[in-house]
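Read top to bottom, the protein sequences are chains F and G.
Letter 63 of the first sequence, counting from 1, is numbered 63 in the UniProt record's numbering, and no numbers are missing.
Letter 367 of the second sequence, counting from 1, is numbered 367 in the UniProt record's numbering, and no numbers are missing.
Careful, some of the hints might be misleading.
Claimed, not checked - Simulated restraints, written as ranges between beta carbons of each label pair:
hint : chain 1 : residue 1 : chain 2 : residue 2 : range
1    : G       : Asp610    : F       : Pro525    : 38 to 44 Å
2    : F       : Arg302    : G       : Cys443    : 38 to 44 Å
3    : G       : Leu467    : F       : Thr63     : 46 to 52 Å
4    : F       : Asp118    : G       : Asp548    : 55 to 61 Å
5    : F       : Arg61     : G       : Asn371    : 32 to 38 Å
6    : F       : Cys200    : G       : Glu366    : 39 to 45 Å
7    : G       : Ile535    : F       : Gln58     : 53 to 59 Å
Unchecked claim - Non-contacting residues of chain F with respect to chain G, defined by C-beta distances greater than 10 Å in every case (computed):
hint : residue
8    : Asn33
9    : Lys279
10   : Lys311
11   : Asp460
12   : Ile461
13   : Thr487
Claimed, not checked - For lysine to aspartate or glutamate, the following EDC-like pairs were computed, each having C-alpha atoms within a straight-line distance of at most 20 Å:
hint : chain 1 : residue 1 : chain 2 : residue 2
14   : F       : Lys597    : G       : Asp638
15   : G       : Lys550    : F       : Glu469
16   : F       : Lys279    : G       : Glu359
17   : G       : Lys657    : F       : Glu152
18   : G       : Lys547    : F       : Glu469
19   : G       : Lys582    : F       : Glu559
20   : G       : Lys532    : F       : Glu501
21   : F       : Lys294    : G       : Glu359
22   : G       : Lys582    : F       : Glu469
23   : F       : Lys285    : G       : Glu338
24   : G       : Lys202    : F       : Glu586
25   : F       : Lys505    : G       : Asp631
26   : G       : Lys20     : F       : Glu469
27   : F       : Lys467    : G       : Glu517
28   : F       : Lys279    : G       : Glu517
29   : G       : Lys202    : F       : Glu501
30   : G       : Lys20     : F       : Asp460
31   : F       : Lys505    : G       : Glu530
32   : F       : Lys598    : G       : Glu530
33   : G       : Lys515    : F       : Glu152
34   : F       : Lys491    : G       : Asp640
Hints were generated in silico from the structure; no laboratory data involved.
Source: prediction; values computed, not measured.
Beta carbons are placed, not taken as given, at the ideal position from N, Cα and C, and that holds for glycine.
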Amino acid sequence: FPEMSYSPFFCLGPGAGQDVGRSCILVSIAGKNVMLDCGMHMGYNDDRRFPDFSYITQNGRLTDFLDCVIISHFHLDHCGALPYFSEMVGYDGPIYMTHPTKAICPILLEDYRKITVDKKGETNFFTSQMIKDCMKKVVAVHLHQTVQVDEELEIKAYYAGHVLGAAMFQIKAGCESVVYTGDYNMTPDRHLGAAWIDKCRPDLLISESTYATTIRDSKRCRERDFLKKVHETVERGGKVLIPVFALGRAQELCILLETFWERMNLKAPIYFSTGLTEKANHYYKLFITWTNQKIRKTFVQRNMFEFKHIKAFDRAFADNPGPMVVFATPGMLHAGQSLQIFRKWAGNEKNMVIMPGYCVQGTVGHKILSGQRKLEMEGRQILEVKMQVEYMSFSAHADAKGIMQLIRQAEPRNVLLVHGEAKKMEFLKQKIEQEFHVNCYMPANGETTTIFTNPSIPVDISLGLLKRETAIGLLPDVKKPKLMHGTLIMKDNSFRLVSPEQALKELGLAEHQLRFTCRVHIQDPRKEHETVLRVYNHLKGVLKDYSVQHLPDGSITVESILIQATAHSEDQGTKVLLVSWTYQDEELGSYLTSLLKKGLPQSTS
Amino acid sequence: FFQYCLSGHPTLPCNVLKFKSTTIMLDCGLDMTSTLNFLPLPLVQSPRLSKLPGWVLKDGSTFLDKELKECSGHVFVDSVPEFCLPETELLDLSTVDVILISNYHCMMALPYITEYTGFTGTVYATEPTVQIGRLLMEELVNSIERVPKAQSASMWKNKEVQRLLPAPLKDAVEVSMWRKCYTMPEVNAALSKIQLVGYSQKIELFGAVQVTPLSSGYALGSSNWIIQSHYEKVSYVSGSSLLTTHPQPMDQASLKNSDVLILTGLTQIPTANPDGMVGEFCNNLAMTVRNGGNVLVPCYPSGVIYDLLECLYQFIDSAGLSNVPFYFISPVANSSLEFSQIFAEWLCHNKQTKVYLPEPPFPHAELIQTNKLKHYPSIHGDFSNDFKQPCVVFTGHPSLRFGDVVHFMELWGKSSLNTVIFTEPDFSYLDALAPYQPLAMKCVYCPIDTRLNFIQVSKLLKEVQPLHVVCPEQYTQPPPTQSHRTDLMIDCQPPPMSYRRAEVLTLPYKRRYEKIEIMPELADSLVPLEIKPGISLATVSAVLHTKDNKHVLQLPPKPLQPPASKKRKRVSDDVPECKPLKPLLSGSIPVDQFVQTLEKHGFSDVKVEDTAKGHIVLLQEAETLIQIEEDSTHIICDNDEPLRVKLRDLVLKFLQKF
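Isolated chain G, as found in the complex:
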């Protein structure tokens, strides 16, 4: 049992588990923080960005000035943004049998895996995960493809050159592995390999392993996975939440009795309380709008945005914001809002009950109906006609490097009346803002991360009690910026096994049993014998059949009568073919009874001698002697087969067979 760790990002994991004879990939997250090193992709010509000076080395050489630009003391790559892929060299990814996806954020590297590595297996995910994952990918591809970039920088990636660059470019890892975004045909091909599954559905893999998705409470359709055989159980916990937002609550009970629990996807902001952050979000939003400013919310098109819209639904009237337009701009805005309403079965209880009425589960249906919330595929087209300020805009991408958000940053950045509110926790907001500096606009950081925090984790671990915990190394020490906070790490006994990118872990299992089926005919033929009270034994001699990793025991076939052959019989024909193994024997021979039995069977000259360890029984006429000790019997006789067999059977009568 091995775990290959292909990603070092704790919330965007990618691990491969070798479990019994199957190779299972757990998630394939795409680390997009690499894009922070790139210049934003403006939707309309940006004089500011195009006038940025090229970067010049200390020695004055300018050979990189086309590729690297300087902005407020930071250096950015002027090229199509690239992403950091999971490790592809650690093992042959074409041998991966299945990929299990836990939530739509953790599948963004899927096309790279399924389309570039020779992968021929199956991907398992829930329906909301697939539908929303598709929307996220569509938005990503769309926002990058709509701004064609003439140049593609690669010189800076040269190891010798990278050494000379300022931080953070100098320290960027695995830059040779960074890849451009995939295309829609690749997304479609990747998604076509997914098989839909439901919570608590037991999926058999090659008869050897069973995998089961469980509700994880973090997002629509988000799941943790149980990977188990009859005797070992691995729980894979990824992106779980105990807060009651919109998704179905987390299923904790099914995680019990795990041999190993792999723990990833904890909150990225362990010190922030999501509820408090939502309150702060609403207040800052209201204050800005009241002062005549605009609010920009960089966000993903699904997830926390549903909760934010629900809060605003309750908040806007009381805050006097009824006349402020809310815009949601994304190529998938409409789809995301529509899809959210049709996954009743994946929602929390309250929302499910609404569907029974029947009413749409999310109140954003009403916001749309009353024209308070409007959605557009992009800033072009209808939006430019409807656009009224002051307003609130929800749009992507949270990295501020591509998507419609770039336009609003350029448009509103110069005025201190406006506010950008960061709610997504995936990117450092300071890094995200760097290419827009200097900036007059207000910046508010309200990261909302509903995933498990360390207090919840330690409670969970106490409850489900796994034998071993495996987690990314980041979780085994306090955050680097808060090294005194020893409460911000996983604390359990035995201490967790940690992993880092490109590491292979050997998971601790001790497997001792396997399931086998005894066919009814064979079962009927068994003769159980009660050895001790409550314990019976039966010796089994049977034929083992193994097919598709399932083992079956059948009655041995009746020996075939050899066809009457006219050929002369050769000596070797008599050689016993397969040794029908004899059972083991146990017990001891009571000499007196044995002698009586011998006499009953016609041996009249039986003599018994005592020895140090037992007795010797002599049959004088037959020149035969039988040594009987506590744990052994030795019959020494002439080559008189009928006699030997007779004595053998008499001895066996006193012994138990195993």
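For reference, chain F alone in the conformation it holds in the complex:
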């Protein structure tokens, strides 16, 4: 049944591919279509910001085509296009995400909507109501819960550590499975644990590869470096701007600064920009089971997300004299409060901006990080950047070492890299292929990758047959493996392996017995029973592993083969041996006749 042994499955990416922009991947597995993430590109302000969903179904309805949608975490490059997708393009099927993602994602979407529509005045964008309607289609999943999407398709979430509620997903249909990592982090940080997956041996592992070539120096060094820079700037009276996303790195850095301020007894104010960030800490308190072990263990005594030194920011504070540290959203300096503060402080060389995460192309963050010091702002205004610009990789992506570690954990048969830059991915691809001897793919945007799997076929074996076989093979012999014989009955879509006898019985067929009886002539002048005894002794000597018996009626059996001797009717010196066996004993029967034909050895007596 070759059609079952090979089944291609496709994996195509309208979004992710070789670009850290937006994640949106379509996977077809055993006839099921699953969309992984539904991100938007923050570097664009036009149509290109959302994935092109017409790509998926040229003209059909998305709901008919897709079996489900899975969102890995709440970052907008992974869920930003969701309301557009479900409410404006139209999708009514299930959307799966973890509880914290379900809680936080609508808030980020609303925040983003406000910046785009209310501040920039864009139209043709999703509305608040659409976000609400979209969230009604979301089914929240637990970690490690096996969610049965339908009879054949199941999904399971694993802890990914990247941000609160981030998850990797295993998608299983038939005998095939895919693991999609989303963004993940293999080292625990100050507030989250490390990603973990069991040895689930998927046919395909789709991994992000944002930091494909970086092997980041120890976390401790980076933290020390960060604190030193903040401290020095504050000491000389400068202001520090840290653009962050409301949830995630922000909390980790707050914990870091809070403990440092406490230890050094510093007085300079630390602010957290208003809006959703106030709420953010509250989410961390309520979803504390998703944070790392240490925070979870001590939360009753001291909740790490209740900060003493960090206060809410007011817009007017930006003009206050003297040093301060401000965490402001969004993280890539592309809009909102962080951009406003940046414009105010950019001109003073005493100040510093610390970019703690990756910035996509086109954002102000990306521009200043690539060394640009004269920026063209809205209205042709030129902003000269004199403040110090620092980049610190705090964003919690797995580095090359982490990616390799995850592959080692999951033991996939194929690896597909997404969410990274082509050159870096190429390097990692080679490394993976060398070390694990698996195929590694890195499709471009919109490119389809087909992976052939070769699954084994599960069938039902009758217990009688299995017991019979395992009873014989009590002492397994590596050199002489025992063969088992059965009949596979294929009916509808069920496969059952039963003993041949049972197969016959089930089909209402009778067995047809095929028997052979051969006459072997032997020259032996002795009496019949003496001849028989000689034959018996000869066979006994040669066939040591077989049961050879001399029966009272004068016949000999070798296993179930019967040998009888009669005198030749004409020649008394010749005896005729009748060797009789069934087709099931064909080999032994044939061997016996040829053995007896050679005659009996000379008697030693």
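Dock chain G against the given chain F, drawing on the hints supplied.
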């Protein structure tokens, strides 16, 4: 398939299932009703308790008067309270592979099992079960260890002596098995053996069995368990609820298609309606406080208390109780209140939605914030300064034998203004009160047990339709005190199999199949043949590999060419090594066609004779005869191997192989 029943308590079960090749313990409940036979442990010196007279036998002998004290006609053991453990002799508990915990009340015997029996396996439980279970154990250990008792009574346990004692001591079972409480290091060691699981998580045990916890709706993180292989399914239902309180609703659908459903942990008060009881609780509380009295609520530190606090949150303002202080006293009070707020994923839908706002799911956060509810680790310390009366105190232990509740019973028992309201259903309130008699304080019994009642059970069984039901014997007959209530028992077809403590049941399964995997290379080599429309057959000759209880069929290895040996060949070298078994044959030989075929193959002297059952085909020159009947063919020939093989192959052409 066997079930070893180690506990006779229907709501604190402990069963061991031998399922395929694994040994699975289902819950390990600790029967604490044994403590009712002991005197309470007072936190401060109690003149009343210390003056109780020693018990004297009818014949006047006084050798037990140090161990046994008499109070209002009841006899109590004056010693550290002891608990009745699950049976440990019925099977070797060191052979238990895994323990599945269904809820935090059903894990209280865990340290006794994991630390004393040589247990080396894994325990599975949900995160709330473990965290709250830890709190319950911590409270238990704390309340017993903080009142060190000099003496430990053991003489009364002697079988000869026990016979002489008054009831209920005389009838107490397995007193030799009663044990003192475990210690915190033992609790920590036991809990370290737990692996956390989530609802609907499929956990593979040794490749042979899969276990899955399902939401049971009874408490935070409470679960029922599915234990299944590819062909058999056992559902273990323990402590489930269909009422909407705070936990996630019960998952009933996943219990369908069970071969066996083990049913434990039904309501202990089948005649009481939990909603009505909550109303009564609030009214009695309000009445007492309005009259200037205090209210004592003996309770566990987690569970129903969350629901009671939520009711009071809605009730106190309308009842004019805004200024009455509510105290929650337990060494784990703070932890319990904090933990309840972080398990959003385990809560009912309404509470989950609150977390998305984000707001704390339970309103007791607000009661604490507005200072209406205050919590203290014990009556010592801050509490004594803040203590104002009249007030409402929630504290443990519901048995009234240890914990801060003992102090309040002694303090408030003498005044009829005060009320003690029993809400926990685990202990008979009359037995609990016995060592405090005579008592002036009012006693109200409002047991709140949200677990399944018999009406819900029969509905559930109709819905999920298990082939067999197994339950404690108590559920197969009406309660002893209400023998006419035949509605208070399980009614199903076929009737349930019942068990009692120390019994071994053989579970009824008929297993006929097992899963096996056919490797792709082997699958490719198979040649299916359509025998009947829609049914195809393929004969399989393959090598069976079994590892970790998984079976795989592979292509047989190609026969190795024996290395060219210079040794002289011996006769026995030719003996066929392993018999490659031939397939079974089926079908019949059409004689005319067969003869035609023979002729085509060069046999010119074929003769056919009819017989009673068929035909005989004669090849005269070759002195060969072939008997052909409906279901058999017999080839009789001289020892001419090429001829025989040729005839064999011609016959086989007409037959189907299996």
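Here is what the structure says about each hint:
1. Hint check: G:Asp610 to F:Pro525, Cβ distance near 41 Å, so the stated range 38 to 44 Å holds.
2. One distance hint, 38 to 44 Å for the beta-carbon pair F:Arg302 and G:Cys443, holds here, with the actual separation near 41 Å.
3. For G:Leu467 paired with F:Thr63, a C-beta distance near 39 Å fails the hint of 46 to 52 Å.
4. Range check, F:Asp118 to G:Asp548: about 59 Å between beta-carbon atoms, so the 55 to 61 Å window is met.
5. As the Cβ distance of F:Arg61 to G:Asn371 is approximately 56 Å, the hint placing it in 32 to 38 Å is violated.
6. Between F:Cys200 and G:Glu366 the beta carbon distance is about 44 Å. The supplied range of 39 to 45 Å therefore holds.
7. For G:Ile535 and F:Gln58, the Cβ-Cβ distance of about 40 Å falls outside the hinted range of 53 to 59 Å, so the restraint is violated.
8. The Cβ of F:Asn33 sits about 23 Å from the closest Cβ of chain G, beyond the 10 Å cut-off, so the non-interface label holds.
9. At roughly 6 Å, the least C-beta separation between F:Lys279 and chain G is not larger than 10 Å, which violates its mark as non-interface.
10. Residue placement check: F:Lys311 keeps its beta carbon more than 10 Å from all beta carbons of chain G (closest about 20 Å).
11. Consistency note on F:Asp460: stated as away from chain G, yet its beta-carbon is not over 10 Å from all of that chain's, at 4 Å minimum.
12. Taking the minimum C-beta to C-beta distance to chain G, about 4 Å, the non-interface status of F:Ile461 is violated against the 10 Å cut.
13. The claim that F:Thr487 is not at the interface with chain G is violated, since a C-beta of that chain comes within 10 Å of its own (minimum 5 Å).
14. Between F:Lys597 and G:Asp638, the direct Cα distance comes to roughly 11 Å. Compliance with the 20 Å bound is thereby established for this hinted pair.
15. The hinted pair formed by G:Lys550 and F:Glu469 meets the criterion: a straight-line CA distance of about 14 Å does not exceed 20 Å.
16. Using a Cα cut-off of 20 Å, the hinted pair F:Lys279 and G:Glu359 holds, with the two alpha carbons roughly 10 Å apart.
17. A distance of roughly 35 Å separates the Cα atoms of G:Lys657 and F:Glu152; the hinted pair therefore is violated under the 20 Å criterion.
18. Among the hinted pairs, G:Lys547 with F:Glu469 is consistent with the structure: their alpha-carbon atoms are about 14 Å apart, no more than 20 Å.
19. Between the alpha carbons of G:Lys582 and F:Glu559 the distance comes to roughly 15 Å, so the proposed pair stays at or under 20 Å and holds.
20. The suggested pairing of G:Lys532 with F:Glu501 holds, with an alpha-carbon distance near 17 Å, which does not exceed 20 Å.
21. Our distance criterion of 20 Å between C-alpha atoms is broken by F:Lys294 and G:Glu359, whose separation comes to about 24 Å.
22. Of the supplied pair hints, the one linking G:Lys582 and F:Glu469 holds, its CA atoms being roughly 16 Å apart against a limit of 20 Å.
23. A hinted pair counts as satisfied when its Cα atoms are at most 20 Å apart, and F:Lys285 with G:Glu338 qualifies at roughly 10 Å.
24. Straight-line distance between C-alpha atoms of G:Lys202 and F:Glu586 comes to about 49 Å, which puts the hinted pair past the 20 Å bound.
25. For the hint linking F:Lys505 to G:Asp631, the alpha-carbon distance of about 14 Å falls within 20 Å, and the restraint holds.
26. Restraint check for G:Lys20 and F:Glu469: the C-alpha separation of about 18 Å stays at or below 20 Å, so the hint holds.
27. With a C-alpha separation of about 16 Å, the suggested pairing of F:Lys467 with G:Glu517 holds against the 20 Å cut-off.
28. Our distance criterion of 20 Å between C-alpha atoms is broken by F:Lys279 and G:Glu517, whose separation comes to about 52 Å.
29. Distance hint between G:Lys202 and F:Glu501 is unfulfilled; the C-alpha atoms sit about 36 Å from each other, more than 20 Å.
30. The hinted pair formed by G:Lys20 and F:Asp460 meets the criterion: a straight-line CA distance of about 17 Å does not exceed 20 Å.
31. This hinted pair checks out: F:Lys505 and G:Glu530 have alpha carbons roughly 16 Å apart, not beyond 20 Å.
32. Note on F:Lys598 and G:Glu530: the hinted pairing is violated, with a Cα-Cα distance of about 44 Å set against a maximum of 20 Å.
33. For the suggested pair G:Lys515 and F:Glu152, the alpha carbons sit about 18 Å apart, so the restraint of at most 20 Å is met.
34. Distance restraint check for F:Lys491 and G:Asp640: the Cα-Cα separation of roughly 43 Å exceeds the 20 Å cut-off, and the hinted pair is therefore not satisfied.
In terms of the numbered hints stated before, the structure departs from hints 3, 5, 7, 9, 11, 12, 13, 17, 21, 24, 28, 29, 32, 34, listed from lowest to highest.
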